[in-house]
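Engineer: Sequence:
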Amino acid sequence: MVMDHVMNPRNIGVIEDADSIIKVGDPNCGDSLLLFLKFCNDIISDAKFMIKGCPAAIATASMTTEMVKGMTLGKALELTDEQIADALGGLPEEKIHCSSLAVGAVHAGIRNYTSPSDGNDQDLGEDTGVRPS
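Going by our numbering, the sequence shown opens with residue 2, and the numbers climb by one from there.
Treat the hints loosely; a few may be bogus.
[To be verified] DSS-like, lysine-lysine: derived pairs with alpha carbons at most 30 Å apart: (1) LYS53 - LYS39; (2) LYS76 - LYS39; (3) LYS53 - LYS24; (4) LYS39 - LYS96; (5) LYS39 - LYS70.
Note that these hints are calculated values from the structure, not bench results. As the structure is a computational prediction, the values presented were derived from the model and not from experiment.
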């Protein structure tokens, strides 16, 4: 399952009218994820991402966006990195942090949407290196 999501990642791209855009990264490994979320009636109606990262980061971002589409905000906030790893059929222990990156981005995106600040908390300046198909 991991290789399928690495070779054929789902939901790569940009949501032009996203309700929440979150950039997260892991300075220890250099992975960088830009997540776009669209909401409708407290349900995640769409999720897309751009990423610069290892194969495990690509696979976990792909699986995470697949899993959260159609979820209520409350259910998505309960999502764990272990659930993502399990859905992929498991990850090596040293790659579990990759699923934390994607799940953390979803949680941050929901918090950004439900408790917006002044709108200046979205850093969109870095090119993630992955292009929409």
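Engineer: If a hint holds in the structure, say so; if it does not, say that too.
Structural biologist: Hints, verified against the model:
{"no.": "1", "hint": "LYS53 - LYS39", "verdict": "22 Å, holds"}
{"no.": "2", "hint": "LYS76 - LYS39", "verdict": "15 Å, holds"}
{"no.": "3", "hint": "LYS53 - LYS24", "verdict": "11 Å, holds"}
{"no.": "4", "hint": "LYS39 - LYS96", "verdict": "28 Å, holds"}
{"no.": "5", "hint": "LYS39 - LYS70", "verdict": "9 Å, holds"}
In summary, this structure violates none of the numbered hints.
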